[in-house]
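Starting from the known structure of chain S, arrange chain G on it as the hints suggest.
Here's the letter readout for the chains.
Protein chains: 2
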Amino acid sequence: MSPLLLLVAAAFALEGMWLPAQLPDQAPALRSAGFSGDPAALADLHGAPLGAVVSLGGCTATFVSDTGLLITNHHCVTGMLQRAQKEGENLEETGFYAATRDDERPGGAGARVWITQSTEDVTAKVVGALSPKLGDRARNDAIDAASKRLVAACERTPGTRCRVASYYEGLQYSLIRQLELRDVRVVMAPPDMVGNYGDEVDNWHWPRHAGDFGFLRAYVGKDGKPADYSPENVPYTPPQHVTVAPRGPEPGEFVMVAGYPGRTQRWRTALEVEREATLRIPSVLEHGGWVLQTLQDRITAEPALAAKLTVPRLGLGNSVFKNKGMLEGFARAGAVEHARARDAALDAWVAADPARAAKWAAPIAELRAVITRRDATRLADERMDWLGRSTLLSAARALYLWSHEQQKPDALRELGYQDRDAPRTKAWIGDLDASLEPGTERVVFEHFLRLVLALPVDQQPPELVAWLAQSPGATADVDGTVAAALTRLYGAPTLTDKATRLALFGKKPAIFNASHDGFVSLAVALSAYDERRRDADKADQGAFSRLRPAYADALRTFDPARAYPDANSTLRVSFGTVQGYQPRDAVTYTPQTTVRGIVEKAGAWPFAAPPPLLAAIQAGQWGAWADPALGTVPVDFLADLDITGGNSGSATLDAQGRLVGLVFDSNYEGIGSDWLHEATMARSVHVDVRYVLWYLDAVAGADSLLREMGILPSVG
Amino acid sequence: MSPLLLLVAAAFALEGMWLPAQLPDQAPALRSAGFSGDPAALADLHGAPLGAVVSLGGCTATFVSDTGLLITNHHCVTGMLQRAQKEGENLEETGFYAATRDDERPGGAGARVWITQSTEDVTAKVVGALSPKLGDRARNDAIDAASKRLVAACERTPGTRCRVASYYEGLQYSLIRQLELRDVRVVMAPPDMVGNYGDEVDNWHWPRHAGDFGFLRAYVGKDGKPADYSPENVPYTPPQHVTVAPRGPEPGEFVMVAGYPGRTQRWRTALEVEREATLRIPSVLEHGGWVLQTLQDRITAEPALAAKLTVPRLGLGNSVFKNKGMLEGFARAGAVEHARARDAALDAWVAADPARAAKWAAPIAELRAVITRRDATRLADERMDWLGRSTLLSAARALYLWSHEQQKPDALRELGYQDRDAPRTKAWIGDLDASLEPGTERVVFEHFLRLVLALPVDQQPPELVAWLAQSPGATADVDGTVAAALTRLYGAPTLTDKATRLALFGKKPAIFNASHDGFVSLAVALSAYDERRRDADKADQGAFSRLRPAYADALRTFDPARAYPDANSTLRVSFGTVQGYQPRDAVTYTPQTTVRGIVEKAGAWPFAAPPPLLAAIQAGQWGAWADPALGTVPVDFLADLDITGGNSGSATLDAQGRLVGLVFDSNYEGIGSDWLHEATMARSVHVDVRYVLWYLDAVAGADSLLREMGILPSVG
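From first to last, the protein sequence lines are chains S and G. With the working numbering, letter number 223 in the first sequence gets 1061, and the count goes up by one each step, no holes. With the working numbering, letter number 439 in the second sequence gets 1277, and the count goes up by one each step, no holes.
Worth double-checking, as some hints may not be accurate.
Heads up, the list lumps identical chains together, so a pair's fine if it works in one copy or across two of them.
[Unchecked claim] In the SDA-like style, the derived pairs of lysine to any residue whose C-alpha atoms are separated by at most 25 Å in a straight line are:
hint : residue 1 : residue 2
1    : K1439     : E1112
2    : K971      : P1201
3    : K1336     : E1284
4    : K1439     : L1123
5    : K963      : Q1131
6    : K1439     : S1407
7    : K1439     : T1116
8    : K1197     : S1121
9    : K1439     : G1127
By construction, these hints were calculated from the structure, which means they are not laboratory data.
If we strip away everything but chain S, and leave its shape as in the complex, we get (with noise of 0.2 Å):
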């Protein structure tokens, strides 16, 4: 059998994060995987579950008691636990647990809790009133504008925060408003060897065994309404929480998911994927492999550097390590061939109509062509991007660019550096010395700088150019350039220290120009390049805001099974049943792991199972909490049900809509599902409820926490 009749034949059921609004019309499909509720209470925002599921941004949580405590991943509670860490104490080794209201801890300034209130078409509002004569970048604009001013309008309620969100490529527009809590505690984390057990070794391999789960609570003001932290703040009562269920999922058993996935790119051309396959991924593997490489040589030669590295390291790893898997599982699926072979089926289709050819032949035609347009600066725009990472460069570019934002009206200004946007800039531009090794920085600045003058002169930026003419020393050739430019940029950098970041932050573009330091002399110098970069975008952006929506609404006429848009960090549900998958030839990989498991893999680090687990284990009391069909209590399972990232700490439910466990990945062979989902290979990745509720019960002593659930603990 091919790879597209395999997808064909099977990738069917399983796909797709639905609109909480569509769900009614996938009837036939839920009870057919084995839902037994009503579809239609699913579509209901404020019922029951939805109006239990919040997003922590980036994060999905659940109410799971009527005085707002929430259920989530482990890996989403772990910076808040950071932050709420006294001196001398190292909550990620020992796990935190408050048996009282007044020992749970305050997750920080930045902690939040979204509640989506309402969805509302604006369609004709965003792009209803558009000429169809605007150039490209007046229509970015004007979409941009409209959107910024219903958010503001939305915003002006107290406690609420607004988007406008984009579905099946701009064929629809959505205003998205929702509750905003800006009191969010800490109530509950295992321990960091319990809740990553395995960390990078296993993180998105199957089996696993981590019990990636923890506890939060919203709290309010007296008055129920949003309010910052204060030991005054009374827990907030959500309109729905979920039942906890004392059971878990069988294999085959039906499963979903409610939650927000961030971002899936299904709907684009084959031609992207083709770009995606042969161009960026490879490239990310390339020139990432180089940078991994090259943290992990300097870590080796010097072992205090991993205090600044070891961040930077992990991310770029996985990021690598992701880029490998979609590559695979790109070839594996033949993903470029049915990307290929579906564009060619519609591109005949569309032909073989005078009306479809009409409306559609010329945007899908124009679409490549801007598409295949960009092409041309690809190799230079990626090659200054890399360059760009360079912290010291990326902070002096922020703070330019504020200053000079600022400067216009609140509305006018660039996303992300209007007035809401202020106090999170301000926190990263403080908090960025955590990884910042200016040694490290300038062996990669270099490595990159080295790429940006080997690309042919025309493509190089001229203000790049002449920043680096007049470094003083500079020579004519690449090496008497390069020394200079490191000699200016990391002789004596000012943007090391903190204050002087900070103390930057907010002023006129005036004392950036003045500036001897040298990130700052290059921020400025390359201010012309970037909003030359920013202008191109924002015409491409116009072109495609124009010009995708037709082909994606030729391809769900084409296909009306792809009934489902994008993933967009908007709330959806997913659905499916426990299954596990063939990895390769003769091993099966079945659906359920076990606390056998752990003590298989026992042993250092990333596998040091705390004592108290091992005993616990060892001891055999499983409660009320054993699988009868696996007689001990299982960890983690899988299911084939459609997540990405954003869905992490999900509640996981059953047909009767109860808890039954917590998604917290996806595995290897399914990451390239972001762009075509391989229903034979993709699985999401869940921590059983069993494993939550035997660990609070015989390992943790949580009974409070049991409780507060309606869970009675079983065991001793």
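Only chain G this time, still in chain S's reference frame:
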């Protein structure tokens, strides 16, 4: 469930490498596993199938035609193939197929086929007349002399090779008489990247996709008698040949293997299991691991060294890897605890009855005392043994001992130093250049010399200490001693020259005593030490020959399920069923791989599948060779029958005694089973006959070979 219980519950049925004569008693187990033939027939050395099974020395092969055609593993044929190779050929890479008899290539002067003719119980002759008052050393020598007498008498028949084999730790001795064929030719071997697909990456690992098969033909003189190679020779007519099935086995189906398994240690005491787990294996991992790393580092630094060092590196890597697997297997199965519990139960049972206590208590206690006594010299012996692995020192010692022994009557010489051993020893002395790299040897020698000199002074062999002190330039400190020794040995070694080595073979001791070569002088100096070690070992072996039978006798009386003796390179039959296993939590290995997996793995070496193979898989013409359930051609399969090294190449037979595969490996999880067979984890790995037939048919076009086996080509 504890490991002990698991073992008792599951290990019983499939464990066992049975003597042919025991098979009629195994009829119920054979029947319950699915055997449909007559168990009594399996005991007949000259009937079907045993009459068709031969030893190649370290490998097994099976006659599959009445004109001497043998099937075995690819890795049992490659040595012969290398020797058969002509200038400019690379038969390992290209594979080889002789379409006619004239094209068949002689497998070299050392190639042998041994066919077991008879076994005779000679216990009475070997140990029956020994006085209980005989000292242990004398007892050892008496057994040795009796064995040599029996062998010499037996070998008086031309074309016969004989040996005395010990069973049940010396409870029984048998004289094995084998017909020895000396003209063995290579008929067919697939390319290395078929027969050894996956090489060291897949070695020991499931899923495997190796087509580990090859064909030989045995020839005899025109008179039908064994003869050296001659173009005039004619194919041997075996008493039996096995029918090659045009089908393969299904999961759960009965399979059996007849062959020559080398060595198992399942009758050893708990003290010995413990020493294996805590002393011998860790020592191999430490010292072998160090040498392995040294070889790898040297190859990395100087790639040209790979030519000499790759073979030792691979051999050592395999050994280190195997020992690592054994340690893991011992830990998982609780081997030490299991053996301790068994010995404790045995002791209690012996003590509970005066007659049993009188018979066994004292010898078992003494056996343990001898084992413990050997600990005193273990560390020094071990370090001296690692030092003695120097190729040049090994050669010098062997040459000097040969010189010494040849002065004695043949029957009184050390085993391996009799006239019958001369050709093999001379070949080894001549051929050892292949992996001789004095620069590397010197580094390794220095390492172990320093370890010997780090022993307490009273554990250092005085002969070595004296030789070191006499070396020119030696100083009193370790550094000076080592430097002088290395200069003496490696300054101008003469044994690196093949002609020099061969010239010394058979020379009188005086020649050695007068030699100025460092290694020869060291061998002469160490000869007293070597003799002392041999003497001590002979005394211990004498004690063991007296004491181990008591332990074995007690054990088999206590536990009548222990019904078969350890493997000892004699003909055995194992049986079981085609079965996968669960290597770890949530992972299931199904028992069959397919040609699809070859494509999945294909890439750089060791997965460089030949283009004709990939093209044939792509073409998908399976002929009669597809598995109906799998829809394609199976490659390898797993069975739970019990094998060990030496079984390589053994025919896998179905319930009707037809050849359905060839065994070629064990799995990683089963490595520890030479000591303790863990039925849930230990699996044998077989190539499916359908892959052999499909390959011959669709890829190699070896129609004549198929027809000789009575198989009709069915592809194309």
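Hint by hint, here is what the structure shows:
Proximity of K1439 to E1112 under the C-alpha cut-off of 25 Å is restricted to the inter-copy arrangement: shortest distance 24 Å between copies versus 40 Å within a copy. In the homo-oligomer, the alpha carbons of K971 and P1201 lie at most 25 Å apart inside one protomer (14 Å), although the nearest pairing across protomers, at 105 Å, exceeds that limit. In this assembly of identical chains, K1336 and E1284 lie within 25 Å of each other by CA distance solely inside one copy; the values are 24 Å within and 56 Å between copies. Taking identical chains as interchangeable, the C-alpha atoms of K1439 and L1123 lie at most 25 Å apart only when they sit on different chains, with a minimum of 21 Å there against 30 Å within one chain.
Taking the closest pair of Cα atoms, K963 and Q1131 never come within 25 Å of each other, the shortest separation being 49 Å inside a single copy and 69 Å across copies. Proximity of K1439 and S1407 under a CA criterion of 25 Å is satisfied in neither setting, with 35 Å inside one chain copy and 37 Å between copies. In this assembly of identical chains, the alpha carbons of K1439 and T1116 lie at most 25 Å apart only when taken from different copies (21 Å versus 37 Å within one copy). When the C-alpha separation of K1197 and S1121 is checked against a cutoff of 25 Å, the pair qualifies neither within a copy, at 36 Å, nor between copies, at 77 Å.
Taking CA atoms no more than 25 Å apart as the test, K1439 paired with G1127 passes between copies only; the shortest distance there is 23 Å, against 29 Å inside one copy.
Figure legend: structure checked against the earlier numbered hints; hints not met, in rising order: 5, 6, 8.
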